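Chemist: Sequence:
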Amino acid sequence: MKPNIQEFQAAVLNALAHPLHLKILEKLRAGPCCVCKIIPEVGEKQSNVSHHLAIMKKAGILKTEKTGREVWYEVSDPRVFEILDILKDYTRTRLLKDEKRFKRLLKTR
Numbered sequence: 015m016k017p018n019i020q021e022f023q024a025a026v027l028n029a030l031a032h033p034l035h036l037k038i039l040e041k042l043r044a045g046p047c048c049v050c051k052i053i054p055e056v057g058e059k060q061s062n063v064s065h066h067l068a069i070m071k072k073a074g075i076l077k078t079e080k081t082g083r084e085v086w087y088e089v090s091d092p093r094v095f096e097i098l099d100i101l102k103d104y105t106r107t108r109l110l111k112d113e114k115r116f117k118r119l120l121k122t123r
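Here the sequence shown is numbered in this note's numbering, starting from 15 and rising by one per residue.
Treat the hints with care, as some may be off.
[As the list claims (entries may be wrong)] Here are the simulated SDA-like cross-link-like pairs (lysine to any residue), alpha carbons at most 20 Å apart as the crow flies:
no., residue 1, residue 2
1, 41, 108
2, 16, 31
3, 80, 45
4, 71, 107
5, 51, 97
[To be verified] Now the in silico label distances, taken between C-beta atoms and shown as ranges:
no., residue 1, residue 2, range
6, 68, 102, 23 to 33 Å
7, 50, 20, 36 to 46 Å
8, 50, 73, 16 to 26 Å
9, 120, 51, 41 to 51 Å
10, 50, 116, 33 to 43 Å
11, 71, 116, 19 to 29 Å
12, 30, 121, 18 to 28 Å
13, 107, 68, 28 to 38 Å
14, 108, 32, 32 to 42 Å
15, 23, 50, 30 to 40 Å
Since the hints were derived computationally from the structure, they do not count as laboratory data.
Predicted model only: the values in this text are computed from it and were never measured.
For each residue, glycine too, the CB sits at the ideal point set by N, CA and C.
Using the sequences and the hints, build the whole thing.
Modeler: The following block contains the structure:
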């Protein structure tokens, strides 16, 4: 069966759909970074960070460059940050609406 565009889009979104991936991408917003600099920022073990970096690389979200013993990661397309910015704005708006709805519900009880 031939994959369609929606399946490809879902695979990209799936690769973004992890809190650690979002933390890593926020760190990479400043530019390319090696694992040793990402670990303290995200507060996870090296093996876990490396595993999640590999997932995003396999999905095409990240690319790497080896410099000596270090592997440097960066986003393969900076538009991923536009996606993250839209997601932040969307969730912020949803949270504000939900907060207002929750406060109205509390008043009716």
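Chemist: Does the structure break any of the earlier hints, and which numbers would those be?
Modeler: 1, 2, 4, 5, 11, 12 and 14
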